[in-house]
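Undergrad: Each chain is listed here by its residues.
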Amino acid sequence: MSLLELNDVKVHFPIKRGVFFDRTVGHVYAVDGISLKVEAGETYGLVGESGCGKTTLGRAVLRLVDITSGEVVLDGTDLASLPDKEMRSMRRRLQMVFQDPLGSLNPRQNIESILSEGMAAHGIGANQEERREKIRAILAKVGLPSNALSRYPHEFSGGQRQRIGIARALVLEPDVIICDEPVSALDVSIQAQVVNLLDELQEELGLTYVVIAHDLAVVRHISDVIGVMYLGSLVEEAPSDSLYAEPKHPYTKALMSAVPIPDPVVEEARERILLTGDLPSPANPPSGCRFHTRCPWAQPKCKEERPQLREVGDGHRVACHFVEDIESGVLQIGTDRAAVVPAARTEDAGIEAAAAKAAEAAEAAEDKAVEEKSASVEATDSEAAETDSTESAKDSTAQGA
Amino acid sequence: MTTSTKAAKIERLAELTAQNETSSGASLWREAFRRLKTSKMAIIGGVVIAAFIVMAVVGPWVAPHSPKALTWKDEVFLNRGEFVGPRGENWFGLDHLGRDMFSRFLVGARQTLLVGVVSMLIGLIIGAVIGVVSGAAATLGGAAGRRVDTVVMRITDIMLALPSLLLAASIAAVMGQSLTTVMIAVGVVQIPIFARLLRGSMLAQGSKDYVLAAKSLGIRKRRIVVTQILPNSLSPVIVQATLSLATAIIEAAALSYLGLGNPDPSVPEWGVMLSQAQRFFDNAPMMAVYPAVGIIITALGFTLLGEAMREALDPKLRG
Ligand SMILES: Nc1ncnc2c1ncn2[C@@H]1O[C@H](COP(=O)(O)OP(=O)(O)OP(=O)(O)O)[C@@H](O)[C@H]1O
Ligand code: SF4
Ligand SMILES: [Mg+2]
Chain B
1 MSLLELNDVK VHFPIKRGVF FDRTVGHVYA VDGISLKVEA GETYGLVGES GCGKTTLGRA
61 VLRLVDITSG EVVLDGTDLA SLPDKEMRSM RRRLQMVFQD PLGSLNPRQN IESILSEGMA
121 AHGIGANQEE RREKIRAILA KVGLPSNALS RYPHEFSGGQ RQRIGIARAL VLEPDVIICD
181 EPVSALDVSI QAQVVNLLDE LQEELGLTYV VIAHDLAVVR HISDVIGVMY LGSLVEEAPS
241 DSLYAEPKHP YTKALMSAVP IPDPVVEEAR ERILLTGDLP SPANPPSGCR FHTRCPWAQP
301 KCKEERPQLR EVGDGHRVAC HFVEDIESGV LQIGTDRAAV VPAARTEDAG IEAAAAKAAE
361 AAEAAEDKAV EEKSASVEAT DSEAAETDST ESAKDSTAQG A
Chain X
1 MTTSTKAAKI ERLAELTAQN ETSSGASLWR EAFRRLKTSK MAIIGGVVIA AFIVMAVVGP
61 WVAPHSPKAL TWKDEVFLNR GEFVGPRGEN WFGLDHLGRD MFSRFLVGAR QTLLVGVVSM
121 LIGLIIGAVI GVVSGAAATL GGAAGRRVDT VVMRITDIML ALPSLLLAAS IAAVMGQSLT
181 TVMIAVGVVQ IPIFARLLRG SMLAQGSKDY VLAAKSLGIR KRRIVVTQIL PNSLSPVIVQ
241 ATLSLATAII EAAALSYLGL GNPDPSVPEW GVMLSQAQRF FDNAPMMAVY PAVGIIITAL
301 GFTLLGEAMR EALDPKLRG
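Line by line, the protein sequences give chains B and X. Going by UniProt numbering, 310 is the number at position 310 of the first sequence; the sequence numbering is gapless. Going by UniProt numbering, 20 is the number at position 20 of the second sequence; the sequence numbering is gapless.
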């Protein structure tokens, strides 16, 4: 059994409006049905564009946001349905490192107080003296001087603050640490140090990580398995190397093709897949495959039916109706599968038949162009609707504030 | 090596070691205080306030004459319409009943300070309690908490929408004339201000990552409010408390001036003195000037200190 298992986790934020009592006018589908497994001692990397719901998923695992439905199973216990009191004691086993090192440290607490508060809450250490001893040991482990204890967060550099954040997670001796973009707020020169520190700690303490990042470069070297998120759902999951060697989902391919390759020859030959259009709003996600509005291979079926994540070999799990066809090259960018597939099946047909097929295909392509036009009109419509709903989402947060 | 460069080197070394010693952690409060001490505004405000407080405390004892007794009434009644101005015996002159104005001014400071502080405290304490409840409910209370917060905030909105002087006057009208009435009336007006301010500040802090971090550590909600959210939400409230001492003094004076204050006109209070002076403004403008200037300078002192504190506590200016 895996250490951490998510089963169809959904987090939908209600969009509220109203003068006196708030009325729910819609939802932000921030996380919309994610299932994954994290093995003990491994690192699971989670990547995706900004706004795709990575942070929300991380917080859902820790139950820092309300889980709309689904299960978060840690070592056999479903956290989503756990009563508050038991959840509090489970928190010890599941910790988080935040994206913004300064923002995640209380500016009015000194380091000792920040690090010992969690220990006190879980009854670690009989008294403050014992806790201080332990904190000293952990500070040394994360590379901070022990005179840091009496100092305040604003007196440290960004990298040091993130080390404090890591130490705060470590003092509770957790099994799993969720690192939400742990280095994206740091200087590039310091990023590597912190990533290395995480790596060393994992080796030494046998930690299990979920590392969230918006670019693949950060997670590549430390992840065993990588999951790619798009608009609240997982589109592809594969062992790290395999994902890099052979991305299968169109979205992953596009992400990879955006990363320049140092070798000029390979770089020249590299297939670049440009994503058209903007990321749709999670308040108004596209029907069917969430990616169909931007997918170069999209077919009519993609609009209607939502593809499930399924095994496609090589340890890949992919949510796409047409991975095999794209893989085999049967389906080319911009073609209509209905036109292509029968032609491929009747290889021995005469030239006339082939010509007829070609004509048909051309016709179909024309049809598709028309369709595309209307689709783009639709897209603008729905875009307008999206701006509305994001505005209302902003409203509701503004009201909240 | 010349002695002067040697001396410079030693000094430099001393500087460096001194820096090392002070690296033992400076809390934000302490840093804010350090900034406050170097602010000119704070110093001027502080001096004015200190003078005012000293006057309020020792005034009744050092006043050269009785503030109530009509010691020089014959003199004043003889010169109807001609007021006795400042003279050796009476530094501020006499009022219309032949009382020593300087003594009345000194003793009146205590009443004014009392009204200001008590009404500010009424507003601060009740407002802060409402604000904490609302803020805590909104940040950590889930859906039910947010509903509580909405209701409480709508009530404070209604309170805020009423003109403060009108609200105070109605309270005074209901409760009758007295100094207590003035203090309550002025204090009540401040309640929604403090409540909104603290609640808003708590809400802003409540969505910060360090609160999430505390939650993820498994710390109890009540403790999160007390150790995480509240300490970080207090700065604007402290500033407002200082500023509102100024408004409270002015509003209390206004209510006294309107005749809603202490019904016994012989008890000196700056607002009362101002309202008494009104009738004689043509003949004896100085009678109004003393209490008016007292009120203005004191209010200014509190405002200066409040603004200086706002700057000192602003984390963006940390350095
Ligand atoms: N508390 C909330 N209420 C309403 N909507 C929210 C809330 N938190 C997040 N969202 C929305 O959910 C979506 C996913 O947000 P999330 O922060 O999880 O994305 P992310 O992948 O972490 O992005 P980033 O790379 O910018 O950190 C966004 O559209 C965001 O606006
Ligand atoms: S299901 Fe269709 S739209 Fe979605 S990724 Fe696959 S081909 Fe593209
Ligand atoms: Mg994020």
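Certain hints may be false.
Listed next, the stretches of chain X that the computed footprint assigns to chain B, with coverage defined by at least 3 CB atoms under 8 Å from CB atoms of chain B [unchecked claim]: (1) 26-40; (2) 206-212; (3) 216-226.
Each computed EDC-like pair below joins lysine to aspartate or glutamate, with the alpha-carbon atoms no more than 16 Å apart [claimed, not checked]: (4) K221/X / E39/B; (5) K221/X / D278/B; (6) K253/B / D199/B; (7) K208/X / D100/B; (8) K253/B / E327/B; (9) K253/B / E173/B; (10) K37/B / D84/B; (11) K37/B / E5/B; (12) K37/B / D224/B.
Hint data in this document are derived by calculation from the structure and do not stem from the laboratory. This one's a predicted model, so the numbers in the text were calculated from it and none came from an experiment. Idealized CB from N, CA, C, for every residue including glycine.
Undergrad: With the threshold set at 16 Å, check whether the alpha-carbon distance from K253/B to D199/B stays at or below it.
TA: Violated. K253/B to D199/B sits at ~27 Å, over the 16 Å cutoff.
Undergrad: Verify the proposed pairing of K221/X with E39/B, using a straight-line Cα cut of 16 Å.
TA: violated (32 Å)
Undergrad: Within 16 Å, alpha carbon to alpha carbon, are K208/X and D100/B?
TA: Holds: K208/X and D100/B sit about 10 Å apart, inside 16 Å.
Undergrad: Please work out if K37/B and E5/B have their alpha carbons no farther apart than 16 Å.
TA: Cα-Cα ~4 Å, so holds.
Undergrad: Count residues of the stretch 216-226 of chain X with a Cβ under 8 Å from any Cβ of chain B, then say if the count reaches three.
TA: As far as the stretch 216-226 of chain X goes, the hint holds, because 6 residues have Cβ atoms under 8 Å from chain B.
Undergrad: So is the stretch 26-40 of chain X in contact with chain B by the C-beta rule, three or more residues under 8 Å, or is the coverage claim wrong?
TA: That given contact holds, which follows from 4 residues of the stretch 26-40 of chain X lying within Cβ reach (below 8 Å) of chain B.
Undergrad: Is K253/B close enough to E173/B, meaning Cα to Cα at most 16 Å?
TA: Given that 16 Å is the threshold and the Cα spacing comes to 38 Å, the pair is violated.
Undergrad: Just to be careful, I want the Cα atoms of K221/X and D278/B compared with a cutoff of 16 Å; is the pair within it?
TA: violated (40 Å)
Undergrad: Would you mind confirming whether the straight-line C-alpha gap from K37/B to D84/B stays at or under 16 Å?
TA: Answer violated: K37/B to D84/B is near 24 Å, above 16 Å.
Undergrad: Between K37/B and D224/B, is the straight-line Cα distance small enough, at 16 Å or below?
TA: holds (12 Å)
Undergrad: Are the Cα atoms of K253/B and E327/B separated by 16 Å or less?
TA: holds (11 Å)
Undergrad: In terms of beta carbon proximity below 8 Å, does the stretch 206-212 of chain X have 3 or more residues touching chain B?
TA: Contact hint for the stretch 206-212 of chain X vs chain B: holds, 5 residues under 8 Å.
In the structure shown, a violation is registered for the earlier hints numbered 4, 5, 6, 9, 10, in ascending order.
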